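Can you join these two chains into the complex? Each is in its own frame, and there are hints to help.
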Amino acid sequence: MSTDRAYLDHAATTSVLPDAADVWRDVSLTVGNPSSLHASGRAARRVVEEARESLADDLGVRPSEVIFTSGGTEADNLAVKGLAWAAPSRRRRILCSTIEHHAVLDPVLWLGSHGYDIDWLPVDDVGRVDPHDVRSRLGDDVALCTVMWANNEVGTVQPLARIAEACAEAKVPFHSDAVQAIGRLAVDAGLPGLTSLAMSGHKLGAPVGTGALVLRRDADVVPLMHGGGQEREVRSGTLDAAGAASLAVAVRQSVADQEVHAARMNELSERLIEGIRGVAPDAVINGDPEHRLPGTVHVSFPGSDGDTLLMLFDAAGVECSTGSACTAGVPEPSHVLEAMGIDAGIARGSLRFSFGRSSRSGDVDLVIEVMPGALDRAFRAATPRLRPVR
Amino acid sequence: MRVIAALSGGVDSAVAAARAVDAGHDVVGIHLALARAPSVGGRSKGCCSAADAHDARRVADVLGIPFYVWDLSEEFTEQVIEDFVEQYRAGRTPNPCLRCNEAIKFSAVLDRAQALGFDAVCTGHYARIVHGPRGAELHRAVDEAKDQSYVLSVLTLAQIESTLLPLGDSVKSQVRADAAARGLRVADKPDSHDICFIPDGDTAGWLHDKLGESPGDVMDQASGAVLGQHRGTHTFTVGQRRGLALSSPAPDGARRYVVDVDPAAGRVWVGAEDLLSVTRIEASQPRWCAAPPVSGDRVEIQIRAHGEHHPAVIEVTGGGVIAELDIAVRSVAPGQAMAMYDGTRVIGSATIERSRR
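As you go down the protein sequences, you meet chains A and B in turn. All letters in the first sequence, in the order written, are residues 4 to 393 by the numbering used here. All letters in the second sequence, in the order written, are residues 1318 to 1674 by the numbering used here.
For the record, the hints were derived by calculation from the structure and aren't laboratory data. Model, not experiment: these values are computed from the prediction. The hints are all genuine.
To give an idea of the interface, some chain B residues facing chain A are shown, with a C-beta separation under 8 angstroms as derived from the structure:
| # | residue |
| --- | --- |
| 1 | H1348 |
| 2 | P1383 |
| 3 | Y1385 |
| 4 | V1386 |
| 5 | A1432 |
| 6 | L1433 |
C-beta atoms are modelled at their ideal positions from N, C-alpha and C, and glycine is treated no differently.
The shape of chain B in the complex, shown without the other chains (with noise of 0.2 angstroms):
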C-alpha cells in the first residue's frame, strides 16, 4: 500500500512509521502544521513547534522516507480550535483531540492523502484495528494506560478502514525499546499531555483571553441563593471544585462542586458531591464505526480520554442514544463525547446532551 504517515516529531509516531515501512508499504512521512503561532524567543513547546517538525524530519531521514510538512493550519483554527472556543463559550466541554482526529487527521489528511494516490493514513495511536469477517473493526489498545480508542471513536468505518494503527498490540516501554533500537533520537522524548494549542497548559487563561470577563453569580444548587460571584463561566466545568472561591462554607460544611454551567443566564450552579453522580446518560449526534446498537443492547461505556469503562444499556432515540448506567458516574459534562464498546470493539460515539440521576 502507499501509506502516509503523520509524523509529530514524538517517539510514537515514528515507530509507527517505522513499522509500516517493516510492512513493506510504501511510506510517505509528513508533519502537520497546526499551529502557525511564531516561537517566542526559540522556545518549543507544543506539538507544532519548530523543533518538533525538525524531529519529525529526522525520524524521516532515518527511516529513509520521503517528509514533507502539511500546512492544515487553516483547517485546524477553523475546525478545532474555532470549535474548542465557541463550545466552551456555550458551556460546553469539548474534547480537542478527539475533535482534531475527527476532522483533521482522518478527514483533512486522508482525504488529501488519498487524492493524491494514497491508500491509508498511519499514526502512532494506541488502538488496535482488527479486520475481522465484518470488516475493519477499532478495538482497544493492548497497553491499557495508554489506550487513546476513545479520541478515535469518532471515525467512520471507511476512515478505519483506511488508516494503519501499528502501535496497538505494544506497550508504550516496547515502542520506546523500539525506537531505541532502530537509533531514532526521539526514543527518549518526554510524552505530550497538553493540548497542543496551549503549550503553557493554563487552559483557563487561554480561555480567559480569547473570551474576555462575563462575571455572573455562583448559585446554590440546593437553595437558589448566590453564593458568590465569577469571571466567566466558561472557566468552570461539571465537577470542578477549584476557582469557586466562596466565602461561606456549606452549612453541613461539605466540599461544593460545579454540578451545571448555564452560560445563557452566566450562572455557575454548585452543590455537594452527590449531586454530581448520575446513572442516565443522553447523546447526540451518534456516529457509528459498526453496526449500530439497538434499544436494549449491553455497552461499556467511556466519557473521557483514559476514563474508566462503564456497563450500561443503550437506549436508541430518533436523535441519539440513552445510557443507563449500572453504576452511577461523577462528573458528567455536555460536550464531552460518550464512546461505546462492545467488550475491547468500539461501535461508536455521541455527544453529551444531558444527564440525570
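Bound-form chain A, shown alone (with noise of 0.2 angstroms):
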C-alpha cells in the first residue's frame, strides 16, 4: 500500500526529532547566557557543557574538543580556512578530494585564489579516494587534507581511516566532512590521524542553525569571527544553550540506533533499487554499491533530465532532490557525477532518493507506482532539446 506524499530528501532535511524539540523548547524558555556569572548564567553553561559531553562520549572524543557551531558549513570553514590560515608559512599546498561538499569545496577554491596550491585528489568511478595516493601526494609542504567522510549526492563512503592514517604518518592536518555519515555509519570522530570532523544538527533530527567542529586539542586553528571566543578562544558568538542541548539528544537518539536504523535504511534502499530495475532496466545507480551509505539512492535515467523529472514526481507526491547544488532554483551540473567521470548528458538525468526515520516501505512503493509514468514524461519533454526549432 502507497502513501498520499513520500518525503525522500532526507539527507537535504530530516525533520527534528521530538525529544530534541521538546528540550529545546525548555531550554530555550529559560533565561541565561552560558558566559554570565550568576545563577542563570552558570545553569545554562551546565546545559551548554553537559550537552559537550554527551556529544562527546557519542563521537569518541574529549569535551574539550567539541566546538559548537551554526551548523556544517561553519564547522568546515572553520577547519579548511582555519588550519590553512594557521599552517606554517612552508606549508601552502591543500589536498582536496574533488567530490567534497560546497562547505569545503568553496573554502578550498576561495585559499586557491589567496595564495594556496590546491592538489585535488581524484575519485574513481564509483566515487572513492584512493588512500595510495593520498599518501603519494603528503609532504611538508602540505597544510592540510580534506576529504569527506560519506558522499552527500551519490552516498559513497571514504576509506576514511586509512587516509587518517597517512596523514597522520606524514603529520599534516586531516579534516573530514562528516555531515552525512553521523548516525547512518558508526561514526569515531576519534579516529587516529583524523584533526577534525564537521557535523550538522539539522541532517539527524536537530534544529537547524546546530553544528558542531569536532578539533583535536593540540590542532591550530584560526579563528573566523572575532569576538567573545566563546568557545575555545576559537569560535565567537552567545552560546546556544538550546541548539547545543537539542543537539546532543538528537545525536545521542542517533547513534544509539545506528545500527538498527542503518539496516533499515539499507533494506528500504535495496527495494528501490530493486524496484527501479524493474521499471527502467537501462536506469544507472551511481556511487559505490559496497561502500554505501545508508539510505541513499543516486539513480541516472539516460535521455531525461532531472529537473523535470523531480517536477512531474513532485506532482505525483513524491519529493526527492537532483543531489547537486542549485543556483536561483536550477540545478548545476554535478561536480560529483564530472569528477566519476560519468557521461555529462547522464548525469542530466540524474535524481537522488534519500530515506530517514519516517520513512515507509509505502513510499518506496509510491515512487515504484508512479515512475513509469514520470520516466514516459520526462523522455518526452527532453526530446524539444534536440530538435531545433525553426
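In C-alpha cells, the structure reads:
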C-alpha cells in the first residue's frame, strides 16, 4: 500500500526528533547566557557543558574537542580556512577531494585564489578516493588534507581510516566533513590521524542552526569570527544552550539507534533499487555498491532531465532531489558525477532519493508506482532540446 | 485545463497567473532561467536576475501554486542571443523579444509543457485571444499603449490555441491595482524596458564587445563621397542620426541619417531625411496565424513594437509579401518584423528584407 506523499529528501534535511524539540523548547524558555557569572548563567552553562560531554561520548572524543557552531558549513569553513591559515608559511598546498560538498569546496577554492595551491584528489568511477594516491601526494609543503566521510550526492563512503593514517604519518592535518555520515554510519571522531570533523544538526534530527566542529586539542586554527572567544577562543558568539542541548539529544538517539537505523535504511534502499531496475532497466545506480551510505540512492535515467523528473515526481507526491547544488532554483551540473567520469548527458537525468526515520516501505511503493508515468513524460519533454526551432 | 504560467517576477505575469487560477485552471508556475550570467556584487538588473526568480517564487507562494525554475539558458543563448549578434553582424535589426516568443516561450516552453501533460502556457503579454467561429484569433490589447500583439505576431495558430493571455482586456493601471488587491508585492515593481540580456541598456557597447571593431567608411548616398569613418557597421541601424561623428555638414545644412548599412563592404550610407521615407516594403518568411491574405487585400502593418499602424495593400509573392503603403513610413530596417493586421486581428508577420520609396 502506498502513502499519499513520500518525503525522500532526508539528506537535504529531516524533521526534528520530538525529544530534541522538547529539550530545545524547555531550554529556550529558560533565561541565561552561558557566559554570565550568576546563577542563571551558570545553569545555562551547565546545559551547554552537559551537551558537550554527551556529544563527546557519542563521537569518541574529549569534551574540550567539541566546538559548537551554527552548522556544517561553519564547521567546514572553520576547519579548512582555520587550519590553512594556521599552517606554517612553507605549507601552502591543500589536498582536497574532487567530490566535496560546497561547504568545503568553496573555502578551498577561495584559498586557492588567495595564495594556496590546490592539489585535487581524484576519485574512481564509484566516487572513492585512493588512499595510496593520498599518501603519494603528502609532503611537508601540505597545509591540510580534506576528504569527506560520505558523499552527499551519491552516498559513497570513503576509506577514512587509511587516509587519516597516511596523514598522521606525514604529520599533515586532516579534516573530514561527516555531515551525512553521523547517525547512518558508525562514526569515530577520535579516529587516529583525524584532526577535525564537521557535523550538522538538522541532518539527524536537531534544529537547523546547530552543529559542531570536533577539533583535536593540539590542532592550531585561526578563527573565522573574532569576538568573545566563547568556544576555546576559536569560535565567538553567544553560546546556544537550547541548540546544544537538542543537538546532544539528537546525536545520542542517532548514535544509539545507528545499527538498527542503518539496517532499515539499507533495506529501503535495496527495495527501491530493485523497483527501479524493474521499471527502468537502463537506469544507472551511481556510487559505490559496497561502501555506501545507508538510505541514499542516486540514480541516472539516460535521456531525461533531472529537474523535469523532479517536477513530475513532486506533482505525483514524491519529494526528491537532483542531489547537486542549486543556483536560483536551477540544479547545477554535478561536480561529483563529473569527477566520477559520468557522461554529462547521463548525469543530467539524475535524481537522489534519501530515506530517513519517517520513511516507510509505502514510500518506495509510491515511487515505483509513479515512476513509469514520470519517466515517460520526462523522456518526451527532453526531446525539444534536441530539436532545432525553426 | 492544466496550465503552465510563466512568471518573470514582474507584475504582469503575476496577475496573469492569478487570473488563470481564478478561472479554475490547474496552474503550475515556472520561472525561466534564460541568461545564466553570474550576478556581479549582488546587483540585480535584467529579467533573469536572482532577485526576479525570488519575486516569481513569492508570487507562486501567494497564489498557492507549485513553482519551478526551468533552465532554458542553452536554448536562449543559441536561439536568441546568438541570432541577435548574427543579425547585427549581417547589418540587420532584429527584435530579440519577438525571437524569444517564437523560439523559447511559445516553442521550447510550450513543447515541454505539453510533453509534461499541460494544455496551455499562460503569460502576461498584453494581447487578446478571441475564440471565434474561425477558431482562435490573436488581437491587439485593449490597452493601446501596452499592446504587445506585435511581438506575438510570429506565433502559429497551434501555438495561439495553446496560450492564455489573461491581461488583454485590462489596462496597465488595472493590472497594478489587481496585483495590489491580491497582496502581490510586485504590484509597484517598475516595468522592464531593456533587452533582458543587456541589463545596462548599452546595446551598442554590448555589440561592440561581441563583434569587435571593424572600421569602415561613412558614405554620402547622394554624391558617393566618403564623409568619415566608423568603428563597425553593427552599431548603425537605418534611421539613426546619432553616433555618425561627421565633421562636415551637408551642403544644404540638413541633418543626415543612416539610410543603408552594408556590412559586406563595411560601409554605412547616410543621406537626407526624405531618403528614409518608404512606401513599399518587401518581406520574407511570412508566418500566418490566420487565413493568409491574397494580393490586393487591405491590411494595417506595424514595423516595430509599440509602433504606429500603417494602412497598406498586400501583394503575396512566391516567397514573401510586399506591402504598398498609403502613406510613406520612416526608418524601415531589414531584419525588423512586419506584423499584419485586419483591424485589431493579427494575420501574421514577415521579416523585412528591403524597402523602397
